[in-house]
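> Generate coordinates for the entire structure from the input sequences, incorporating the hints supplied.
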Amino acid sequence: DVKVTQSSRYLVKRTGEKVFLECVQDMDHENMFWYRQDPGLGLRLIYFSYDVKMKEKGDIPEGYSVSREKKERFSLILESASTNQTSMYLCASNPTAISYEQYFGPGTRLTVT
Amino acid sequence: SQKIEQNSEALNIQEGKTATLTCNYTNYSPAYLQWYRQDPGRGPVFLLLIRENEKEKRKERLKVTFDTTLKQSLFHITASQPADSATYLCALDSNYQLIWGAGTKLIIKP
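First to last, the protein sequences are chains A and B.
Going by the numbering used here, the residue at position 49 of the first sequence is 165; the numbering climbs one at a time, nothing skipped.
Going by the numbering used here, the residue at position 3 of the second sequence is 8; the numbering climbs one at a time, nothing skipped.
I should point out that these hints are in silico values taken from the structure, not numbers from a laboratory.
The beta carbon of each residue, even a glycine, is placed where N, CA and C say it ideally should be.
Calculated pairs, BS3-like style, for lysine-lysine (alpha carbon to alpha carbon, straight line, at most 25 Å):
1) B/Lys8 - B/Lys110
2) B/Lys22 - B/Lys68
3) B/Lys64 - A/Lys119
4) B/Lys22 - B/Lys64
5) A/Lys119 - A/Lys186
6) B/Lys8 - A/Lys173
Residues on chain B that point at chain A, a partial pick, calculated with CB under 10 Å:
7) Gln39
8) Phe51
9) Trp105
10) Gly108
Encoded structure:
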């Protein structure tokens with residue numbers, strides 16, 4: 117079974133802090149994604165990566181950056197956390213076309229106070 | 006504008022009945038559409054993918070239809086069980102990305 121793990125299930129940070137969310141997949145997938153999920157809204161793509169050191173902006177990249185130094189690991193960075201970044205963050209991966217079946221981690225619920 | 010819509014209200018179904026969830030979209034021309042299940046506090050789990058040239062797809066008690074003329078997909082769970090209670094998300098491909106609906110919460114009552 118594909119396993120996607122995220123570094124934290126719950127995280128509480130203060131406004132202005134730099135926040136790192138880490139995601140690791142164990143199936144040698146090419147593509148990795150970061151989404152945020154808010155009530156009443158569909159998942160929104162923040163960034164994705166189709167190869168090591170390669171990244172593409174999604175629909176809502178402002179206030180975020182990413183890093184992919186190794187194939188299995190994709191990190192999301194909030195440079196200066198703000199309260200409107202309080203959300204559920206979901207990491208996903210897939211082996212083939214970007215928009216084919218995606219495998220998700222359990223999510224990190226981030227609260228910024 | 007482009008939209009993908011799922012019923013925002015929870016759907017309550019009696020155990021044993023068929024549950025039908027709807028996904029409507031406008032101003033997209035997806036080559037395929039996917040359905041996922043999401044339990045509270047968990048990430049979505051892939052269920053089914055249906056292509057534009059497929060009218061129907063089945064997997065065990067699940068059935069998905071895709072009508073590109075109506076711009077609609079229907080997701081059916083037959084012989085529903087309380088364990089089927091979850092939020093179900095549809096997603097379609099557009100410009101090499103997945104576009105997601107907000108999901109419909111399904112509650113199966115014993």
